[in-house]
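> Spelled out from the first residue to the last, the chains are:
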Amino acid sequence: MNKEKYSQMVKEMTPKENRLLNMFIAFFVGGLIGVLATFLFLQLNKIYNEELAVAATLLILITLSAFFTTLGIGDTIFTKCKCGIIIPITGFAHSVASSIIDYKKEGFINMGSNAFKLAGSVILYGVVSAVILTLIKVIINV
Amino acid sequence: MIYLNAFLLCGIICLIGQIILDNTKLTPGHITTIFVIAGAILSCLGLYDYLRDYSLMGSSVPITSFGNALYQAAYTGFLENGFIGMFNNLLSTTSAGISGAIFFGFIFALLFRVRD
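Chains as they are written, first to last, in the working numbering: chain X, 1 to 142; chain Y, 1 to 116.
Chain Y on its own, in the form it takes in the complex (with noise of 0.2 angstroms):
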């Protein structure tokens, strides 16, 4: 059941990209942007927790969770240390991705060498 849930929640997110990519003109680099907008929009008005309660993975895996993850980390850190708080704890909970994009695409970049 965990596993039929995140298959649906993260294939349905997909497809909803998918649908936007095709019928509109708008590049990848848009839909990216604005499932990360949307996915803070979501987590402000509270409804991602209803996604992350559905399945955690489905909705942590798609990039929508990059801006939920931005935004709870930035209200947390409003509500623990004020404006300059928010400003503390913004990327915290999204290290991981950031850090890890930078240094194994680094990593790689330098010990492969690479097909045209």
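If we strip away everything but chain X, and leave its shape as in the complex, we get (with noise of 0.2 angstroms):
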């Protein structure tokens, strides 16, 4: 079989994707947690102020998101509305839980070593591009 034949097998066996439809799944689910957080502040605001009240309502979606995770739902759920649930705190908290979970057989130590695994890159590229943003914007207003 030459390769260009096989490259052809190979497209013609992956599942083609209804991207309309995960485009608009995402939109629509992205915009529920939006939806769902702002309930969430609205509530929480009459108790505290306006930073800590964003705070607990980022808290209650990450305990939600890993409650779901651990419970094994959480992975259909995450694969079904894609960017929708990726995008927004949950897919944070998501990946740190399930990393955890993952090599929670191999011990304490491999499950502490382990737990960034997927999270790791946003908080090491959020911490360098703000490092480095904050020095160009200083030495630019100098």
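Please note: incorrect hints may appear among the correct ones.
Some chain Y residues close to chain X (C-beta under 8 angstroms, calculated; not the full set) [claimed, not checked]:
1) Ile2
2) Cys14
3) Val61
4) Phe66
5) Tyr71
6) Ala101
7) Phe106
8) Phe112
Please keep in mind that the hints were generated in silico from the structure rather than gathered at the bench. The model shown is predicted, which means the values in this text are computed figures rather than measured ones. Don't be surprised by glycine CBs; every beta carbon is placed ideally from N, CA and C.
Please assemble the complex out of the two chains, which come individually in their own frames, going by the hints.
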């Protein structure tokens, strides 16, 4: 079998994803999370000030995400909703929780050292870009 | 109105992510990292405040807010206490997200029998 035929076969065998549907799901699910967060924020803002209410809302979303991930339902939701749930902070919590769970069998130390396997890049590049951009801004302003 | 704004902003950010995911070979890991850096750049250009005014939670929930919060914390830290202040302040505002994810991920992993 030559290469061309093979690549054609691969193309035919790969399940076609409906991109338009995916886009709609991502938009809708992401939007719903935004609405849920706004609802929680408005309730919590009655007790806490704005800054704390935002933090509390994010904490609730993170807790829910970690909870669903450990129950095993998380992965089904995450593959179905795609970016609608990966881009919000729920995706961050999901990646931490799922890497902790994946290494649970290998003992406590392995669990700890692998906790940031997926979420590490978010923190690393976030910190690096924040520092570089701050320095650029300071230099420009001077 | 406040709900509609949150729905649209959060939805559109997720939609952009989905379009990138479907049309390129980038993994979700790439996309979240790109979004964090994009959030920091938007914040540096002063554009993230407009999103924040449009919808507070719609701009706080997507991962772009992580980049925004890191940059704002670093910059205010630099203005207050210089170079050391920048590093001292850097993770202060994102602390809730990171420590929450670690703590609850760990506790839930211990408490529940994980299904394969």
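> Each hint needs a verdict: does it hold in this structure or not?
Going down the list of hints, with the structure as the test:
Annotation: isoleucine 2(Y) was flagged as interfacial toward chain X, and the flag holds, the nearest CB pair being 6 angstroms apart, inside 8 angstroms. For cysteine 14(Y), the interface hint holds, the least distance from its beta-carbon to any beta-carbon of chain X being 3 angstroms, beneath 8 angstroms. This hint holds: valine 61(Y) has a C-beta 5 angstroms from the nearest C-beta of chain X, less than the 8 angstroms allowed. Taking 8 angstroms as the C-beta cut-off, the interface hint given for phenylalanine 66(Y) holds, the closest approach to chain X being about 6 angstroms.
Nearest Cβ of chain X to the Cβ of tyrosine 71(Y): about 5 angstroms, under the 8 angstroms cut. The hint holds. Annotation: interface hint on alanine 101(Y) holds; nearest CB of chain X at approximately 4 angstroms, less than 8 angstroms. Nearest Cβ of chain X to the Cβ of phenylalanine 106(Y): about 6 angstroms, under the 8 angstroms cut. The hint holds. Interface restraint check: phenylalanine 112(Y) against chain X, minimum CB-CB distance 5 angstroms, threshold 8 angstroms, status holds.
In terms of the numbered hints stated before, the structure departs from none.
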